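Full structure from sequences and hints, please.
Protein chains: 2
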Amino acid sequence: MAEDTLGITVGKKEDFSEWYTQVVTKAELADYSLVSGCMVLRPGSFAIWEKIQSHLDGKFKETGHKNVYFPLFIPESLLTKESDHVEGFSPEVAWVTHAGDSPLNERLAIRPTSETIMYDSYSKWLRSWRDLPFLYNQWCSVVRWEFKYPRPFLRTREFLWQEGHTVHETQKDAVEEVMQILHLYRDTIEQEFAIPVIIGKKTEKEKFAGADFTTTLEAMMPDGKALQMGTSHHLAQNFAKPFGLRFQGRDGKEQIPWQTSWGVSTRLIGAIIMAHGDDKGLVLPPNVAPLHVAIVPILFEDTREKVIAAAEKLKTSLNEYSVELDLRDHKPGWKFNDWEMKGVPIRIEIGPRDVDNNQVVVARRDTGEKQTVAMDDVAQQVRSALEEMQKSLFDVQKKFLDSNIRDATTIEDLKKNAEEEKWSSAFFCGKEDCEEDIKEKTGGITTRVVPFNADSGSCLNCGKKGPQTYFAKAY
Amino acid sequence: MAEDTLGITVGKKEDFSEWYTQVVTKAELADYSLVSGCMVLRPGSFAIWEKIQSHLDGKFKETGHKNVYFPLFIPESLLTKESDHVEGFSPEVAWVTHAGDSPLNERLAIRPTSETIMYDSYSKWLRSWRDLPFLYNQWCSVVRWEFKYPRPFLRTREFLWQEGHTVHETQKDAVEEVMQILHLYRDTIEQEFAIPVIIGKKTEKEKFAGADFTTTLEAMMPDGKALQMGTSHHLAQNFAKPFGLRFQGRDGKEQIPWQTSWGVSTRLIGAIIMAHGDDKGLVLPPNVAPLHVAIVPILFEDTREKVIAAAEKLKTSLNEYSVELDLRDHKPGWKFNDWEMKGVPIRIEIGPRDVDNNQVVVARRDTGEKQTVAMDDVAQQVRSALEEMQKSLFDVQKKFLDSNIRDATTIEDLKKNAEEEKWSSAFFCGKEDCEEDIKEKTGGITTRVVPFNADSGSCLNCGKKGPQTYFAKAY
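Residue numbers (the working numbering), protein chains in the order written: chain X, 1 to 475; chain V, 1 to 475.
No lab work stands behind these hints, which were simulated from the structure alone. Keep in mind that this is a model prediction, so the values were computed, not measured. It is possible that some hints are incorrect.
Per the computed footprint, the stretches of chain V lying under chain X, defined by three or more beta-carbons under 8 Å from a beta-carbon of chain X, are [unchecked claim]:
1. 57–70
2. 89–103
3. 139–145
Ideal placement from N, C-alpha and C gives every residue a C-beta, glycine not left out.
Below, the structure is given as structure tokens:
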């Protein structure tokens with residue numbers, strides 16, 4: 001980062017979209033590539049993705065899931081086997097037509113999602129109820145050639161994700177899996193990424209192409225828009241039937257299994273940036289921060305060695321955390337700004353006088369608080385600051401979410417709430433045509449989530465009975 | 001696995017190729033997909049890949065490397081910027097030409113390797129010597145649309161790998177990086193995967209398309225063929241020049257940096273299968289085995305609960321290892337065969353009499369040895385058996401490698417040695433046309449590796465002076 005381009009030049013509240021773009025590029029998280037709509041994940045964001053993977057992968061394995069890898073390519077004939085599914089995805093498919101100089105016999109889709117290629121194999125592997133459940137997941141990239149304006153992490157033509165694809169003996173088992181994963185996602189997103197979500201079902205119009213029902217986790221971004229953080233789908237037998245999944249049941253008869261699929265993506269990195277960042281740059285919740293502590297020594301020629309020795313000793317004493325001692329050839333002020341930009345939770349400053357007094361200065365990224373701490377107390381101070389910061393970031397977001405939802409009983413309410421960057425809570429019939437009508441009347445407000453066990457009332461648009469539903473503009 | 005297809009029906013020595021195919025499919029490691037030449041990595045092999053990743057990624061990070069992710073797609077104009085490189089790869093490139101119904105303005109290659117797309121970004125990021133080195137790596141899949149006969153793990157059109165791509169201030173730094181990675185690969189392959197390798201340089205003919213020189217690690221497979229286990233390339237300034245990588249040096253003047261690239265792939269899984277497997281199936285070195293111990297309880301109706309309780313207690317006592325208690329609805333003999341097929345290093349059998357006598361039977365996968373062990377000694381016995389097995393598997397392979405290399409001073413020697421499934425050690429001039437000539441005369445024998453600090457002598461084909469070089473048929 002050159003000295004002259006340091007610092008974000010717009011406020012988060014002033015121009016949220018420009019602020020986001022500047023954080024992404026100036027904190028060196030991602031960069032544009034020569035392929036329109038495809039991003040480079042630089043070390044700064046990939047390390048966050050590794051933390052996200054580590055949290056989720058651990059929980060997937062604890063709950064009996066195993067990782068696999070299926071081909072990137074899906075033959076056209078396979079992609080088109082489930083009619084709702086192909087209708088949903090084919091407009092965005094990237095097609096491979098040639099290898100070297102030779103045209104292929106059949107076009108190959110780059111996977112937009114892997115239901116079709118996976119379930120073709122599943123149909124070969126499944127024979128008996130003894131084989132079930134299949135609890136498989138893969139971490140990979142997918143391609144959806146959208147023509148809307150791309151935004152780093154939020155909408156790119158290629159992105160990284162995980163996709164779980166399970167097969168169960170009974171419908172009850174499949175529904176339990178859908179809910180288990182939804183709760184696992186919620187706990188991880190709230191506890192590790194410090195972002196509160198509202199969980200529930202998608203409407204018929206918004207559900208996954210091919211699902212029986214889709215459950216979702218919706219977060220509120222600082223501009224009042226909703227961000228879908230992940231989804232967990234009950235596929236019922238919608239894919240099992242066309243893909244020929246059959247097994248011999250406990251009763252000896254041939255049965256059709258029940259399936260689920262579920263996923264989260266690098267979009268979560270976008271959510272973390274948007275939710276927690278401030279005018280100085282990125283702010284990372286400690287549980288997802290690749291680096292917990294940056295030690296910046298204040299170096300003068302005559303005391304240089306003494307300070308570095310003390311800083312190195314300090315680093316060693318913090319070995320339960322991820323710590324970097326910043327010896328780069330830059331001034332301390334530049335380094336302070338750089339670590340703030342990159343969102344490192346704790347900065348420790350140590351200069352010659354600190355060494356003489358056996359103390360350091362500990363600065364917390366989210367609040368900016370600085371405290372002078374005796375050397376012996378630093379490890380304890382770092383621990384409590386990280387814990388407090390993790391909790392505080394969540395609390396701030398929770399308060400924001402709770403205080404930005406308003407009731408709506410008319411279309412005018414919906415529009416007014418969205419204009420004021422609020423979500424709406426309203427009764428809604430759930431019908432596709434009524435939802436289309438609302439979207440058109442409001443210039444793009446859509447249903448986001450129908451909470452579980454919602455109360456019922458008269459639809460704000462057509463008056464028919466329906467459950468409480470959240471409406472918002474969405475990313 | 002159905003009861004009737006259990007077991008491998010050919011000996012490893014009898015029909016090596018068929019044996020390999022049966023191990024891959026019957027141990028449920030990989031499966032064919034509807035896309036010709038592309039494989040599905042089932043949980044059994046993906047878990048091995050995760051162990052390989054974990055060993056290597058840890059070492060990459062210890063040596064200062066960071067992970068990144070670059071786009072899957074490479075615009076045609078970028079792929080063709082370095083002329084040797086494009087010549088090497090373009091015949092095997094899969095081309096994306098359409099998105100949805102729309103033709104693209106420019107064809108996009110699916111990455112066969114990422115030098116070109118990465119170095120385009122590097123040229124934007126690099127400004128000063130202070131930015132160097134760039135030490136970046138990515139784990140991803142690559143596509144090379146080969147038309148040769150595909151073999152699981154060894155030659156598939158899509159495969160998983162890691163590719164490191166570094167940039168250095170000086171040639172010396174770059175060469176040191178090439179060697180550091182080569183040694184890191186060697187140590188991991190020998191110590192963790194128990195496969196000895198010969199390291200050295202590739203000849204001009206065999207080097208990477210675009211490299212100044214390529215270093216390699218070559219292993220000997222049971223049929224006497226060589227398998228290239230990984231490569232680490234010195235790219236010199238061959239890419240830096242056309243891709244416009246420039247930086248302000250310590251002297252204030254503009255300089256061109258030096259680069260390396262290096263990689264290993266899922267081919268390593270193929271090597272592990274081939275090297276260590278036997279007529280009963282897969283044999284996994286403990287350091288790369290996802291599961292260390294399978295506990296098979298011998299269950300009878302009247303003592304079932306007692307045995308399961310003892311087996312669960314045993315499992316808990318082995319919690320420093322990865323252990324599975326096999327309660328599947330199958331007979332013990334079937335389970336023994338299944339775990340042997342899957343290569344689990346240790347099997348523990350526990351029946352009602354064992355419980356009464358406070359003992360179990362511990363069986364080691366590689367030797368087949370079975371020992372009755374007192375319950376209190378099981379953890380110690382498992383530890384020493386795993387250590388011995390790890391060492392023994394390497395020793396067996398080392399002896400095999402050392403005893404199957406013969407000197408060759410004529411083309412006839414080369415042919416005879418290869419027919420007898422041996423490698424040849426010969427003096428070779430290193431010239432491309434001489435190597436082509438040898439390959440043609442011998443029906444496909446090629447140079448594999450020129451060891452470092454090799455002696456010199458007269459080329460076995462042309463008589464010119466050249467270093468000691470290993471020749472073999474190769475996968």
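So, going through the hints one by one against the coordinates:
{"no.": "1", "hint": "57–70", "verdict": "holds (count 5)"}
{"no.": "2", "hint": "89–103", "verdict": "holds (count 12)"}
{"no.": "3", "hint": "139–145", "verdict": "holds (count 4)"}
When the structure is compared with the earlier hints, no violation turns up for any of them.
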